[in-house]
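A.B. asks: Below are the chains, spelled out letter by letter.
Number of protein chains: 2
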Amino acid sequence: MTSDLFARTRTLFEIPDGVIYLDGNSLGVMPKAARERVITELDVSWGRELIRAWNTCGWIDLPSKIGDRIATLIGAPPGSVVVADSTSINLYKALTSALQLSGDRRVILSDSGNFPTDLYVAEGVIRTLDRGLSLKIVAPEDIEAAIDADVAVLMLTEVDYRTGRMHDMARLTARAQAAGALTIWDLAHSCGALPVDLTGANADFAIGCSYKYLNGGPGAPAFIYVRPDHQPKIQPALSAWMGHAAPFAFPLNYTPAPAIDRMRTGTPPVLSLAALDSALTVWDGISMQDVRQRSMELSDLFIARVEALCPELELASPRDATKRGSQVSFRFHEGYAAMQALIADNVIGDFRAPDIMRFGFTPLYIGFAEVEEAARRLARIISENRWDRPEFKARSKVT
Amino acid sequence: MTSDLFARTRTLFEIPDGVIYLDGNSLGVMPKAARERVITELDVSWGRELIRAWNTCGWIDLPSKIGDRIATLIGAPPGSVVVADSTSINLYKALTSALQLSGDRRVILSDSGNFPTDLYVAEGVIRTLDRGLSLKIVAPEDIEAAIDADVAVLMLTEVDYRTGRMHDMARLTARAQAAGALTIWDLAHSCGALPVDLTGANADFAIGCSYKYLNGGPGAPAFIYVRPDHQPKIQPALSAWMGHAAPFAFPLNYTPAPAIDRMRTGTPPVLSLAALDSALTVWDGISMQDVRQRSMELSDLFIARVEALCPELELASPRDATKRGSQVSFRFHEGYAAMQALIADNVIGDFRAPDIMRFGFTPLYIGFAEVEEAARRLARIISENRWDRPEFKARSKVT
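Respectively, the protein sequence lines represent chains R and D. Offset between the first sequence (1-based) and the numbering used here: plus 32. Offset between the second sequence (1-based) and the numbering used here: plus 32.
The set of hints was computed from the structure by calculation and includes no laboratory data. Treat the hints with care, since some could be wrong.
Where chains are identical, the list cannot tell them apart; a pair therefore holds if satisfied intra-copy or between any two copies.
Unchecked claim - Derived DSS-like pairs (lysine-lysine); straight-line CA-CA distance at most 30 Å: (1) LYS429 <-> LYS355; (2) LYS355 <-> LYS64; (3) LYS64 <-> LYS425; (4) LYS265 <-> LYS97; (5) LYS355 <-> LYS168.
What you are looking at is a predicted structure, and each value in this text was computed from that prediction instead of being measured.
Isolated chain R (complex conformation):
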């Protein structure tokens, strides 16, 4: 039974007392196993083994070992995913790699629902390559029509960070490839939230974040997927020693590692990596289909309750659960202040400019009763105008 399943997974997390946490789409809750692992890394690996830990504690293999763990969650074969750097840096690798395979085409196509850092990375690639490339940004619903023979790379985030609207990865990948373009999928709001099938969709590249639905810890390293047949054709723009075929021979010239390991760069942040490695054990024995089913039920319930109780809020997410990720967003003219008031009432979501109140649903540790209670508290804040206080309107540095 899936309710037993999720009652069990909930026990794997350190959930703060009294908090209803609907922000796992921004920073996942700490798995107990991650906490224990980091303490072991401190006391045993760094503390006692010191430099030997690269061998004795397996530090050197963590990026590919964790990559293979993540691969099982996104429909990728072993040896096609590696963990390294941040999502932004991995997108730089993916874009510069894709542009090595795309001939003379000059357009990077994306949409205005993409997470802005992806667009900034594309700007940086265009400026740096300085060969007449351009970034074309259209509305999400216009993407399919904008795929033409000028497009070198279609670069999209599958699930919109603000609205949760989902692109059809398989369909758009097929369309792009039929037009001769390559695809890069950002799975930041997909991996761990819903079934992803990179192999089935024939995606060329993918990148993603491990601190949201994968619960890897704040700023945990990101991942990159390269379709196996592309791997040997790529000369990494970010060529560095951990991506070398023989890093500890210390030759003066770069020879890329045989496969996905060439996407590694410098020495990785081991404490953060190790937290992620153990955080991923919560997925052992979990079916992503079960997670998706529960996520849709939780988010449908939230929409129903909020709409019943708060007519002032406007749904910003697709009403059809199959068309959105594992989050629900509402528009409210004082969304920032209302979210601060809600957080003060121990229901944690977040705000995205200009007016989006965003709520993430993570079945591994959030249940129906909490979703109902969150909707009730939100309704009270709105009906009592509790957001209308200076302390809730004062903007923090990070929103």
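Position chain D relative to chain R; hints supplied.
C.D. replies: Below, chain D alone, put in the same frame as chain R:
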């Protein structure tokens, strides 16, 4: 008295029982403050505050706060150093930035004593920019003569990772700038090891590692320095949201942050960052001149004892302590096996191909008695041919 000083600093570290650790130049010993800090980040920041910790626990400011701490150790003004990514990624940023300021010149000049990843990064930059740049690698002693009007960027590591030989940063920077070139200094084996004066040397860019003499933890994030007058002129190649002027406004276009913060990229690995932040507190009240003086005494002692006891070993480092960093290397034809035998005898150094046995001296936690004992154990291993066993000759993945 400096002996009291270093007796005190030693108590700030978790030194494993029975181990003489002469590899702080590869991975520094864990400061107790770093361990405590990481546990607080787990139990309070991630565990309880969750997403709120970006504001309430100051996560968002860590990269510039730590950058300013490091700045005080390398002669850089506040606001000129930021912590982000790895040394390799930061070198990519520095090189692509320097090449924006260097006009039509086409040569990146470096030396064969540079750490190979720096050369690999330069290769990646050259391939990616694809505008006729080339990497010229000369012997370290030929660098000065090789600086000519073709050189766009002089890219050097101040202290040679194998031999410890030190370049004269001020002199070479002046020579390069007189010839119209820019300079990038890799301080991996300098920061925390000896006094560095980036402002005095008028260095253009610098990068460095925080897990060696800064004891920040395995793979702790690296730093980048950009001379303040260059900062506003640079359009980052790796443009991403944490380097944006207004990341939480989420505009579709990139506008770089005003100063050094534009060198930030994606979301940083917070657990590793926090460890580094607290690790740096061991430097409070420490004079780098005192550290340097003690480091030279320790390494001079080691050379004297090893040369007296082990005629089979050949000194690979400069004999003059003022010409080397805080490490000493010896050549031995079976250096790998001899180092494994020494490690089995609880003296930890490391090996660098093809035949270098490398020993780092970190006055903050290593004293004279340990240095003498290390030399004695090394001498026994050599005189007894104890390295000549299969278990010591079998190569590990990481050497």
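A.B. asks: Look at each hint and say if it fits the structure.
C.D. replies: Right, here's what the structure says about each hint:
no., hint, in the structure
1, LYS429 <-> LYS355, "neither (32 Å within a copy, 46 Å between copies)"
2, LYS355 <-> LYS64, "neither (32 Å within a copy, 50 Å between copies)"
3, LYS64 <-> LYS425, "neither (35 Å within a copy, 40 Å between copies)"
4, LYS265 <-> LYS97, "within (23 Å within a copy, 41 Å between copies)"
5, LYS355 <-> LYS168, "within (24 Å within a copy, 54 Å between copies)"
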